[in-house]
Amino acid sequence: MMLQQFLQDFGYFALFLGTFFEGETILVLAGFLAFRGYMQLDTVILTAFLGSYAGDQLWYFLGRRHGRRLLARKPRWQK
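Per the working numbering, the very first residue in the sequence shown carries number 7; after that it's consecutive.
No lab work stands behind these hints: they were computed from the structure.
Worth double-checking, as some hints may not be accurate.
[Stated by the list, open to error] What follows is a list of derived Cβ distance ranges for each label pair:
1. Arg-42 - Arg-82: 44 to 52 Å
2. Leu-64 - Phe-16: 18 to 26 Å
3. Phe-27 - Leu-76: 13 to 21 Å
4. Arg-42 - Arg-75: 44 to 52 Å
5. Phe-19 - Tyr-66: 18 to 26 Å
6. Phe-16 - Leu-47: 15 to 23 Å
7. Thr-31 - Arg-70: 22 to 30 Å
8. Arg-79 - Leu-35: 34 to 42 Å
9. Phe-19 - Gln-63: 32 to 40 Å
C-beta atoms are modelled at their ideal positions from N, C-alpha and C, and glycine is treated no differently.
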């Protein structure tokens with residue numbers, strides 16, 4: 007019973023963070039949990055979209071803002 011309560015309480019937040027940093031792997035798990043009835047499919051889709059979009063925007067901004075400086079320090083990364 008504790009695991010079910012944990013998934014209900016933190017499932018969508020964990021999904022947001024998972025799609026923010028990683029992406030598809032956590033989404034497969036969330037789809038399975040939605041199939042089993044622990045999460046709502048429409049909320050899973052929306053949360054995954056928002057997490058993925060926010061993560062993409064952050065990484066783009068960081069690369070745009072600090073990318074040249076980082077590549078100047080690590081020239082091997084330019085390959």
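Hint check results:
Range check, Arg-42 to Arg-82: about 45 Å between beta-carbon atoms, so the 44 to 52 Å window is met. The hinted range of 18 to 26 Å is satisfied by Leu-64 and Phe-16, whose Cβ atoms lie roughly 22 Å apart. Hint check: Phe-27 to Leu-76, Cβ distance near 19 Å, so the stated range 13 to 21 Å holds. Take Arg-42 and Arg-75: their Cβ atoms lie about 46 Å apart, and the range 44 to 52 Å holds.
Distance hint for Phe-19 and Tyr-66: a CB-CB separation of about 23 Å, consistent with the stated range 18 to 26 Å. Distance hint check for Phe-16 and Leu-47: the Cβ-Cβ separation is about 18 Å, which falls inside the suggested range of 15 to 23 Å. Roughly 26 Å separates the CB atoms of Thr-31 and Arg-70, a value that falls within the hinted 22 to 30 Å. A hinted range of 34 to 42 Å for the beta carbons of Arg-79 and Leu-35 is consistent with their spacing of about 36 Å.
For the pair Phe-19 and Gln-63, the supplied restraint of 32 to 40 Å is violated, since their beta-carbon distance comes to about 19 Å.
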